[in-house]
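Top line first, the protein sequences correspond to chains S and F.
The first sequence stops at residue 300 when you use the working numbering, and every number in between is there.
The second sequence stops at residue 250 when you use the working numbering, and every number in between is there.
None of these hints come from the bench; they were simulated from the model.
All values derive from a computational prediction rather than experimental measurement.
Just so you know, not all the hints are guaranteed correct.
To be verified - Covered stretches of chain F (in silico footprint by chain S; criterion: 3 or more residues with CB under 8 Å from a CB of chain S, positions within the stretch not fixed):
no., region
1, 113-127
2, 148-154
3, 215-223
What the hints assert, rightly or not - Simulated crosslink set (EDC-like; lysine to aspartate or glutamate; CA at most 16 Å straight-line):
no., chain 1, residue 1, chain 2, residue 2
4, F, K54, F, E87
5, F, K54, F, E168
6, F, K92, S, E296
7, F, K75, S, E128
8, F, K129, F, D69
9, F, K75, S, D107
10, F, K197, F, D69
11, F, K129, S, E296
12, F, K129, F, E168
13, F, K194, F, E87
14, F, K106, F, E168
15, F, K92, F, D69
16, F, K75, F, D91
17, F, K75, S, E283
Claimed, not checked - Partner residues aside, some chain S positions facing chain F, computed with beta carbon under 8 Å:
no., residue
18, S55
19, A60
20, L96
21, T98
22, V109
23, P204
24, T205
25, V209
26, A229
27, V234
28, A239
29, V285
30, P288
31, L291
Note that beta-carbon positions come from the ideal geometry of N, C-alpha and C, so glycine has one too.
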Amino acid sequence: MPIAEMSVNILLIFMVGAGVGLLSGLFGVGGGFLMTPLLFFIGIPSAVAVATGASLIVAASISGVLAHWKRGNVDFRMGGFLLVGGVAGSSIGVWLFTVLREQGHIDLVIRICYVVFLAIIGGLMLTESLRAMMRRRKNQARREHVHNWMHGLPFKVRFRRSRLYISALPPLAVGLFVGLLAGIMGVGGGFVMVPAMIYLLGMPTAVVVGTSLFQIIFVSANVTILQSATNQTVDIILALILLFGGVLGAQMGARMGARMQGEQLRGMLAVIVLAVCAKLTYELVLPPTELFSIAEIARY
Amino acid sequence: MARLLPLLSLALALALCLTGRAQARDITIDLTDPIVSITTGFTGTDLLLYGAVKQAGDLVVVVRGPTRDEVVRRKERVMGVWVNRDELVFDKVPSFYRVASNRPLKEFLNPADADRLQIGLANLDLRAKASGKLLPEAPYEFREGLIRNLQRLGLYMVHPDNVVFLSEQLFRTRLRFPANVSVGTFTIEVYLFKDGKLQSTATTLLTVRKFGIEAQVYDLAHRYSLAYGVLAVIIAVVAGWAANAAFRRG
Chain S
1 MPIAEMSVNI LLIFMVGAGV GLLSGLFGVG GGFLMTPLLF FIGIPSAVAV
51 ATGASLIVAA SISGVLAHWK RGNVDFRMGG FLLVGGVAGS SIGVWLFTVL
101 REQGHIDLVI RICYVVFLAI IGGLMLTESL RAMMRRRKNQ ARREHVHNWM
151 HGLPFKVRFR RSRLYISALP PLAVGLFVGL LAGIMGVGGG FVMVPAMIYL
201 LGMPTAVVVG TSLFQIIFVS ANVTILQSAT NQTVDIILAL ILLFGGVLGA
251 QMGARMGARM QGEQLRGMLA VIVLAVCAKL TYELVLPPTE LFSIAEIARY
Chain F
1 MARLLPLLSL ALALALCLTG RAQARDITID LTDPIVSITT GFTGTDLLLY
51 GAVKQAGDLV VVVRGPTRDE VVRRKERVMG VWVNRDELVF DKVPSFYRVA
101 SNRPLKEFLN PADADRLQIG LANLDLRAKA SGKLLPEAPY EFREGLIRNL
151 QRLGLYMVHP DNVVFLSEQL FRTRLRFPAN VSVGTFTIEV YLFKDGKLQS
201 TATTLLTVRK FGIEAQVYDL AHRYSLAYGV LAVIIAVVAG WAANAAFRRG
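Work out the full structure: start from the sequences and follow the hints.
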């Protein structure tokens, strides 16, 4: 690998790509938040894993958004507001990343971010899928979006496709926060954005996925370009191999997913997410075999 | 005869020169390949260093890679999590260091020579910097930590029996360069000791470089990093589009 500067088994990388692709096809998730930790586990430096992950998300989101666009499920105005926040947030994220890298804390911060988010997502998904299985038995209906304090904010904008008339501030803030995560963690942030759009902004579920994908393309592209320019940590060769595996895996996953039940799938994904989280936590807490680490200082 | 004279004297001079050089050179060495090319599938390589000595003795081969500054960090436990705390910068650390000899160094090498020629990990001149100034002596733990890390990466090695004498004069040694070897100019020094005294030395250079796609990608990423980022995005967009198209057909 030219950027990771290590020799890794191409087949292994391909399998990681295919595995994550399989999961993303099966569960309909972006997979960025699983891809990056898996790359840590096979020994790719965290900085390279994060930056390269961002470029993969561009590809995954493009292929996803096209289908949604055709069905008219993209709210471009909402996407635009999210995007403004997202570009600002991801730029700050990459800047933070660079500062932390110089101080030698980047590995730790990335891993802690992953532990926290994987724990939250995994926990939420597990309870949600368990609750959904119970609800199916009891046949309860879910509440639609409610009016809250969010509707008192100024700068109201009409979002026609989402059938919303809300302040522009919450979409900007959501975009900013998700962008920050994208910059530091190399994820698309769909797992944060989708719930935020449904529960916080009150968008109809149909347009949520398409709109978030639309926004993620540009935010991830921004992260990829900024990471390349400031940290030189995007490995195109690594990305291509992962991509190839990912595309094949996603196709297989989508076919398998059609034959399985939604709640069970989500429960399974939750277990996988929690397992990855547990392994990362274990590595953080375990006394290291070597207390000293080295890093090359850029030559001037 | 008058015409032949300059030719004759030239031949004589040449002959003198050749024998003179042969006499001055106590060690003759060569590498199987003076260039190591790192390509995409590079998993490390072996080079053979071979040569002849005029008189039997003990041989030490020292390979040094290009130097760079390294920061060494020590982890400490903070709230149950291991965090990098203290750090120290080492100045001009050889990125590669390898010592090979025909028998254990301490059997024939005197400490003064070992120290002067920096033969052996303990004799490496590793200097730490604090706020831009070189410290008189690097803290022992950090120095050992640095060396341990480089050893684990396969970049620092000492082989007490890797130089093989095929006869009294002929010798060879196998030099291993791992996949993570850095690029640049490497120096290979061969020292001949007799009865514990340094007799003569010979030096040769080796170039390690990236080659092919590997080199182009690395070069692009570091020299035109913005363009590289844009290229990465374009590749991703095209790949995403292609995946979508393939999906629809399939």
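For each hint, the structure was consulted:
1. 113-127: Answer violated; 0 residues pass the 8 Å Cβ test.
2. 148-154: This one holds; 4 residues, not fewer than the three required, reach chain S with a Cβ under 8 Å.
3. 215-223: holds (count 5)
4. F:K54 - F:E87: Distance ~48 Å between K54 (chain F) and E87 (chain F) Cα, so the pair is violated.
5. F:K54 - F:E168: holds (9 Å)
6. F:K92 - S:E296: holds (11 Å)
7. F:K75 - S:E128: violated (39 Å)
8. F:K129 - F:D69: Holds, at roughly 10 Å.
9. F:K75 - S:D107: Measuring from Cα to Cα gives roughly 12 Å; hence the hint holds.
10. F:K197 - F:D69: violated (34 Å)
11. F:K129 - S:E296: holds (14 Å)
12. F:K129 - F:E168: violated (46 Å)
13. F:K194 - F:E87: violated (43 Å)
14. F:K106 - F:E168: Outside the cut-off at roughly 21 Å; violated.
15. F:K92 - F:D69: holds (5 Å)
16. F:K75 - F:D91: Violated, at about 21 Å.
17. F:K75 - S:E283: Given that 16 Å is the threshold and the Cα spacing comes to 13 Å, the pair holds.
18. S55: Constraint on S55 (chain S) satisfied, holds at 5 Å.
19. A60: holds (7 Å)
20. L96: violated (17 Å)
21. T98: Given a least distance of 13 Å, the restraint on T98 (chain S) is violated.
22. V109: Status violated, d = 10 Å.
23. P204: violated (24 Å)
24. T205: With a closest approach of 22 Å, the T205 (chain S) hint is violated.
25. V209: At 15 Å from the nearest chain F Cβ, V209 (chain S) fails the 8 Å test, so the hint is violated.
26. A229: holds (5 Å)
27. V234: Result: holds, 5 Å to nearest chain F Cβ.
28. A239: Since the shortest Cβ distance to chain F is 7 Å, the answer is holds.
29. V285: holds (6 Å)
30. P288: holds (6 Å)
31. L291: This hint holds: L291 (chain S) lies near chain F, its Cβ roughly 5 Å from the closest one there, short of 8 Å.
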